[in-house]
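Q: Each chain is listed here by its residues.
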Amino acid sequence: MTKDKKLVIGQSVKRIDAHGKVTGETPYPGDIDLEGQLWMKIRYSDRAHARVLSVDASQALAMPGVVAVYTSLDVPVNEYGLVMKDQPVMCGPGGDKPGTDIVRCYMDYVAVVVAETEAIAAQALPLIAVEYEDLPPVFDPEYAMQPEAPQLHPNTPNNIIAHYRIRKGDMAAGWAQATVIVEETYETTYQEHAYLQPEAGLSYIDEQGRVTVIVAGQWTHEDQEQIYHALNLPENQVRVIYPAIGGAFGGREDMSVQIVLALAAWKLRRPVKIQWTREESILNHHKRHPIKIRAKWGATDDGKIVAAEATVIGDAGGYNYTSNKVLGNANLMVTGAYEIPNIHVDTYAVYTNNIPTGAFRGFGAPQALFAAEGQADRLADALRMDRVAFRRMNVFQEGSLLSTGTPLPKGVTIDKVLDACAAEAGWFEEPAGLWSRPVPDLPEDRTKLRGIGIACGYKNIGYSFGYPENSHAKIELYGKAEIEQVIVRQAGAEVGQGAHTVFMQMAAEAVGVPFEKVKLITADTAETGSAGSASASRLTFMAGNAIRGAAEKALQAWKSEERPAVGEFVYRPPKTTPYDPMTGRSEPNFAYGYVAQAVEVEVDIETGHVQLINVISANDVGMALNPQLVQGQIEGAVVQAQGYALMENLISDKGRIKNPFLSTYLIPTVLDVPLEVKSIILEYPDPIGPWGARGMAEMPFLPLMPAIAAAIYNATGVWMTSQPFTPEKVVKALRQHGIGVI
Amino acid sequence: MFPDKFDYVRASSVDEAIQLLSQNEDAKLLAGGHSLLPAMKLRLADAPLLIDIGRIAELKSITANGTLKIGALATHAEIAGNADVQKYCSALAAATGQVGDNQVRNFGTLGGNVAHADPASDPPTVLVACNATIHVKGSGGARAIKATDFFLDLYTTALEAGEIITAIEVPNHSGHKCAYAKLEHPASRYAVVGVAVCLEMSGSTCKSASVAIGGATNIAMRSSGAEQALAGTSLDDAALNAAAAAIQADLPDDALMDDITFPADYRKAMSGVYLKRAVKAAIG
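Protein chains in written order, with the working numbering: chain A, -7 to 734; chain B, 1055 to 1338.
For lysine to aspartate or glutamate, the following EDC-like pairs were computed, each having C-alpha atoms within a straight-line distance of at most 16 Å: (1) K721(A) / E179(A); (2) K511(A) / E468(A); (3) K1322(B) / E720(A); (4) K724(A) / D1319(B); (5) K721(A) / D1313(B); (6) K1322(B) / D1307(B); (7) K1334(B) / D437(A); (8) K650(A) / D1312(B); (9) K650(A) / D38(A); (10) K77(A) / D88(A); (11) K1082(B) / D1106(B); (12) K650(A) / D1313(B); (13) K721(A) / D1319(B); (14) K509(A) / E474(A); (15) K1334(B) / E436(A); (16) K1261(B) / D1290(B).
Just so you know, the hints here were simulated from the structure itself, not pulled from any lab data.
Kindly produce the complete structure, drawing on both the sequences and the hints.
A: Quick look at the structure:
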């Protein structure tokens, strides 16, 4: 890595999108209108599991102002999906592919109406007559895994999308060495992304005859691929543009309105717009996976974890919205950031007729670490060891072997984030090597108890397990004797994290010009190569390396006096490998980020309310390219994780979401956030990160829930094992232990 | 969401409003608009005509002559900040100070709030505990209704068609220890349960107690069980626990409010907790 003084990176450059977003000038997809546009509304499934026998749109079509109704019969290739094309674009009769006439969740589409106004489209929607033949549904993933359960997809016996195994070491020997063994079952439920901007989009035929979709997503080129596949068009006939995106968090990785919008615009040759309501958004995009984990860990008297066993079952819902990948990651994360010689894990991703589940900040790690960190705490307590001291004995070191039997990439810093976090939280090491936990202040009010908890974790940066990771960038240098302008083409999605500002900082740094000379062209498949997704904490890392490579080439061309001097580069990180199906052996990832968090909570033992007094988040980000944006990511992740741990409780009843409103699905507001979030930004460079930077956007989400659970236990002596820790559940748990009884 | 179309007329006096109301059977009165308009936007309420009484000056005064008389159009913020209210009935000042948020408190009126009769709203609970009287006027003349007789059911009051609330009268409680304590809904800030207490003290002994609870059931209601459990005690832990048990027992099971976030059994348990908190706040 360069040792030169940094010109632009490392500075909290003001976001390029700040002014427009604050003043409201920036157009989001729902703000964009075209002359002559039509409006679309979607008819969703009325059943969790049924065969669609017929769809009769004649009454809807007879309504004045209705322009078209499209059904399964109108989709050229009626299938889509990010990792597996297992979902029909619209469910209904007439397909060549078996099963496209079956709805498998309430999110499925049966028809779309296109009308002159949104109101007419809405009125026409119920006029579409859909005839169903009910099929037996399955809502419990553990039941779905039984041979007698309804089979939801062809070629998926027992509804198991993926089964991963970890077989490391010798379990019998491990248990024989263990003097303490702890067992627990951990359960988590859905989480809604609750991004500010509900799904919206506009499709039209552009000046070159391409069907163009303006939408908010996370990966322009992947959206493009799924659209041209379903419409059976050549790649260059489909264009995807992202304007401002109102948050994503993984919730826009899979398709929402893209394909049906493109279909209608392509057929009608007129612009077509759609705007979802908040309710529609909550009902019709995937959620974080409910995961049930049974864990059994053992340790020796001197505090070494010697055996870990886990069963992990994730509810995928009706379709595989990256569930195989999410559970793959949970399979790795469920033994925590600890080097354990003997490990036995079975992980399953299972189809049900519930709402599909998929990518969400952390990608399976928050659920897995809830179990891993809970087990670490229970072992430490059983051994009467300090929880930090216990972790320090077991966390990964440079060269440690993962559960997959291969060493971590260089730059392992879990010990460093843990030390920094513990010290800030008041842990002290005296005498050297002997850690002690701080004792929280006891509130005067006898109905309140305080406790402190700490947890740590890690997560991959970039796509894993053999995925051909890459990111494209192009740099154009304009000027005569001096570089007057730098144009960087990088498609990475600005989902609110500040990526575009950082791309420009990195381009300026790589070329050696001031920030003001850089112009970014982005998020348009017609103007840029594929950046890959804004996910897996990968964008800065991948785009940064691509931009550096492109800048080097452009500078060479500049020296050769080419004007403009152009450099194009596709960054490909070190290769990874998939799990061995029997042993789990693999080289899962090329880079990781490390995090530790400590929290102090106040538990109201009468009401069950848990108030976060303060949160300390220590993150190794490698290099803070824009420290203010890093801090923003940390604070945002903490608040989102606080909601996950304490408030957010999406209720599903037989596959139907019962609280699709922000008045009933509670997320933290400014009145609920911690009194203080202290961000500790550590900079131990990643050997292959751009300027040493690591991805960091997911990591501050990961250990918060287990840290809160530990703090509640520290305060009350009661373990919460089922997320979220709502007042009602906390009160029940406390009263079962005789605490707070009136 | 937008409300359905409606007509609008502004009344400049109570009598004019009553006349307009008698001529337009389905019309609704618009005061601060902070209960009615949200309901209309959600299409839970609609009216062909809104009669705006919001600028009728005679309904805005707050006077204290032996009793506290609050004009129907006094806003929550005005009441919360009024020195006479703080003196005569501190619990009402506290409750109006906790309604919704700043915007709601600056626009919403006590008369509108009482007419709306949302059991999760804060002021009705205090009015019921403090033996308030609701003064109303219609084409047939004026009458006074006790707060305990005024709230009949969810969003249902003893107001007759064509009647307008003109004032809310609260006896002087300056010699009492009064308080209001609520568990608020995190999204709406409405009371999941809200408890108001007015305690008549003699030294450290509670001579008599008046207790009302809102949010838990369909109406703001008194708890005679809790009142009896507190009366004659020194308000020690045993008395508070007995009162907490009694208030739970007084809640009719078939009228308990219940939702996804706060199920009925949780609300019931919290009614006891917040009774204790209200008593503790009252005796400071």
